[in-house]
Amino acid sequence: MSKDNFLEVRGLKKYFDADRPSFFSREPRYVHAVDGIDFQLRHSEVIALVGESGCGKSTLALLLMGLEEPTEGAILFEGRDITHLNDNERKGLRRKIQMIFQDPYESLNPTQTIEEIINEPLVVHGIGNNKNERDERVKKAMEDSGLKPAEVYLQRFPHELSGGQRQRVVIAAALVLEPEILLADEPVSMLDVSIRAEIINLLAELRITRQIAVIFITHDLGSVGFFADRVAVMYLGRIVEIGTMLEVLEKPQHPYTKALISVIPVPNPRLRHERIILQGETPNPIDLPSGCRFHPRCPLAMATCKASDPPFITLSKTHQAACLLLVK
Amino acid sequence: MNRTRNLLKKIGWALFTILFVIILNFFLFRVLPGDPARAGIRDPRLKKEAIEMLRIRFGLDKPVINCFESLNPIELGSCTVNPLDTQFFIYIRNLLQGELGVSYHTNRPVTDILTERLWNTVLLIGAGQILSILIGVIFGVFAAWKARTTIDHAAVITSLFAWSLPTFWLGIILLFWGSSQGLPLAGKATPGASSLPLLQQWGDIIRHMFLPTLTYTIIYMAEYTLIMRSSLMDVLSEDYILTAKAKGLSTFQILKDHALKNAMLPLVTVIAINLGFTVAGAIQIEAVFSWPGLGGAIFEAVGRRDFPVLQGAFLLIAVAVIFANLIADLTYNYLDPRVQTE
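Protein chains in written order, with my numbering: chain A, 88 to 415; chain B, 36 to 377.
These are calculated hints, taken from the structure and not from any lab test.
Heads up, a few of these hints could be off.
[Stated by the list, open to error] Some residues of chain A that are not near chain B, with every Cβ distance over 12 Å (derived): (1) Ser109; (2) Gln127; (3) Gly160; (4) Arg221; (5) Ala237; (6) Gly250; (7) Asn288; (8) Val350; (9) Asp396.
[Claimed, not checked] DSS-like mimics (lysine-lysine), calculated; alpha carbons at most 30 Å apart, straight line: (10) B:Lys291 <-> A:Lys226; (11) B:Lys296 <-> A:Lys218; (12) B:Lys296 <-> A:Lys178; (13) A:Lys178 <-> B:Lys291; (14) B:Lys296 <-> A:Lys183; (15) A:Lys178 <-> A:Lys218; (16) A:Lys100 <-> B:Lys181; (17) B:Lys291 <-> A:Lys218; (18) B:Lys291 <-> A:Lys183; (19) B:Lys181 <-> A:Lys178; (20) B:Lys296 <-> A:Lys226; (21) B:Lys296 <-> A:Lys227.
What you are looking at is a predicted structure, and each value in this text was computed from that prediction instead of being measured.
Just so it is clear, CB atoms sit at the ideal spot from N, CA and C, and this is done for glycine as well.
Given only the sequences and the hints, what does the whole structure look like? Please build it.
Okay, here's the thing in structure tokens:
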């Protein structure tokens with residue numbers, strides 16, 4: 088197994104049916120949620136997917152989890168095509184790819200105790216020969232997720248915990264299966280600012296102690312800074328720039344990335360820098376703009392941007408961006 | 036500790052509500068127009084002395100409460116009357132002894148009439164409820180599971196149609212159909228059936244129950260289907276269902292372990308309240324099929340202005356509904372852990 092194609096996504100597309108503009112129109116219309124995405128994930132690598140809301144980040148996560156069927160394209164895990172699997176094959180895979188959902192207030196069943204929530208995946212997958220063994224695993228997952236001592240939390244219900252504690256429960260329920268990939272869909276956006284750092288630190292720690300690869304989906308570039316290896320910036324269903332964390336944050340090439348980085352809050356008020364405020368709204372993903380899909384909002388747009396879709400330009404071995412300005 | 040206190044508080048409120056109903060119930064029938072003593076015996080030749088005798092027999096000669104001779108029309112009386120010698124006090128005293136008064140029409144104790152009728156109603160409505168809950172919940176789960184497919188649309192349209200049918204109309208239509216099938220059309224048993232062996236007696240009762248139960252089930256099943264469907268669809272769109280799917284649970288496991296328990300919550304309330312009204316019986320169904328239940332008794336008593344029977348039946352229904360609500364509250368406690376802390 089080559090190190091480079093642990094998880095590989097090729098030309099992935101997902102279109103949802105949209106309502107027709109009027110009752111009499113014949114043409115079906117689609118929401119282009121994910122519109123041609125390629126990337127690779129390496130072993131125990133953290134990749135951050137960044138983009139505005141509505142750019143298709145969460146749809147991408149659901150596609151990777153097999154919770155939505157892609158319209159086109161392929162997902163490969165350890166060289167095997169996992170795009171279309173039957174329920175049984177999918178179940179085996181679920182052990183290896185686990186997901187943390189955005190809202191810990193919604194993603195826990197209110198009628199289950201914490202123990203039941205974390206134990207359930209073990210029972211479903213038939214892991215552990217007896218109850219003692221499973222209890223040990225549950226406790227380990229809880230303590231690794233920062234719910235210490237585990238006994239205090241076992242018999243509680245989700246509503247008795249704080250948001251941060253709930254998100255730790257969600258993480259523990261994912262960890263208990265000992266996955267190889269953890270998909271985190273905006274895991275901190277619903278939490279108080281003071282708790283966000285704790286959860287991100289926890290994920291960074293897990294990546295070191297358990298060698299888990301993490302796909303970290305966020306709309307907040309500032310929060311990925313200190314633990315992602317690579318950053319991919321998404322705009323309207325596509326990746327517009329991808330590179331190592333330093334490349335993207337220090338030397339952004341795509342005008343959209345530049346705009347995103349320019350508005351990251353800086354703690355020092357004396358350090359003022361120019362902010363690029365994008366004009367207008369994100370275009371409707373049903374009627375995509377012609378040519379480069381960023382051109383209606385791009386401060387540097389040229390006449391050609393309207394006409395042709397920019398190709399991916401390789402800037403370094405790891406750094407690529409899709410912008411006509413970079414074509415030489 | 037907290038739980039016991041909560042429980043006691045709820046029981047306390049239920050008792051308080053019953054007390055309120057008792058008082059309201061008493062005055063409600065005292066402000067109604069018409070003289071019950073005259074209404075009971077509709078004979079214009081009745082002599083004044085005879086009417087007075089009837090009034091004494093039913094205790095109507097006494098003031099309603101202290102200072103009030105009668106509430107309809109309001110006639111002030113002497114306030115020096117012993118409060119213990121008023122209709123209200125006597126009513127409360129009898130109630131505490133389990134007496135509900137005497138029927139104006141049949142001269143039998145109301146308690147006897149109600150007990151006899153109550154069991155017939157519980158038999159009929161109980162069977163109807165159990166059937167409609169079972170079938171309705173199964174249909175609802177199926178419709179939600181196959182949401183937005185032909186099965187779902189068919190279930191919703193059928194349910195809405197069934198629920199909108201007037202009960203008495205459906206009953207009459209089924210009566211016509213039943214007569215062509217040779218089913219018994221009225222009452223609870225064939226006259227003379229009590230001399231048959233027990234097994235055949237029950238067979239006879241079940242044959243009599245068939246049509247009213249069918250009517251009841253068709254209409255109430257629809258209600259349960261619709262509630263179950265919408266509640267389950269709500270739950271199925273929750274994030275924790277997606278989480279369960281991501282954990283690797285099969286559709287059946289998700290439905291069984293995660294969705295149903297949460298989706299049952301709204302249904303429990305409806306079931307409990309409906310069970311309370313089981314006692315009231317379905318007045319229309321009992322009237323159409325001449326079923327000797329409580330609903331039928333209310334129907335007849337209204338026509339005869341038999342106030343003691345109505346008063347007793349109303350009290351019984353109120354107590355049953357309050358009790359059913361209390362049980363719903365307590366079941367909620369058990370089903371939804373979030374309720375306990377409130």
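Structure-based check of all given hints:
no.: 1; hint: Ser109; in the structure: holds (22 Å)
no.: 2; hint: Gln127; in the structure: holds (22 Å)
no.: 3; hint: Gly160; in the structure: holds (21 Å)
no.: 4; hint: Arg221; in the structure: holds (14 Å)
no.: 5; hint: Ala237; in the structure: holds (19 Å)
no.: 6; hint: Gly250; in the structure: holds (14 Å)
no.: 7; hint: Asn288; in the structure: holds (23 Å)
no.: 8; hint: Val350; in the structure: holds (29 Å)
no.: 9; hint: Asp396; in the structure: holds (33 Å)
no.: 10; hint: B:Lys291 <-> A:Lys226; in the structure: holds (26 Å)
no.: 11; hint: B:Lys296 <-> A:Lys218; in the structure: holds (24 Å)
no.: 12; hint: B:Lys296 <-> A:Lys178; in the structure: holds (24 Å)
no.: 13; hint: A:Lys178 <-> B:Lys291; in the structure: holds (18 Å)
no.: 14; hint: B:Lys296 <-> A:Lys183; in the structure: holds (29 Å)
no.: 15; hint: A:Lys178 <-> A:Lys218; in the structure: holds (22 Å)
no.: 16; hint: A:Lys100 <-> B:Lys181; in the structure: holds (26 Å)
no.: 17; hint: B:Lys291 <-> A:Lys218; in the structure: holds (22 Å)
no.: 18; hint: B:Lys291 <-> A:Lys183; in the structure: holds (25 Å)
no.: 19; hint: B:Lys181 <-> A:Lys178; in the structure: holds (22 Å)
no.: 20; hint: B:Lys296 <-> A:Lys226; in the structure: holds (26 Å)
no.: 21; hint: B:Lys296 <-> A:Lys227; in the structure: holds (29 Å)
Hint compliance for this structure: no hint is broken.
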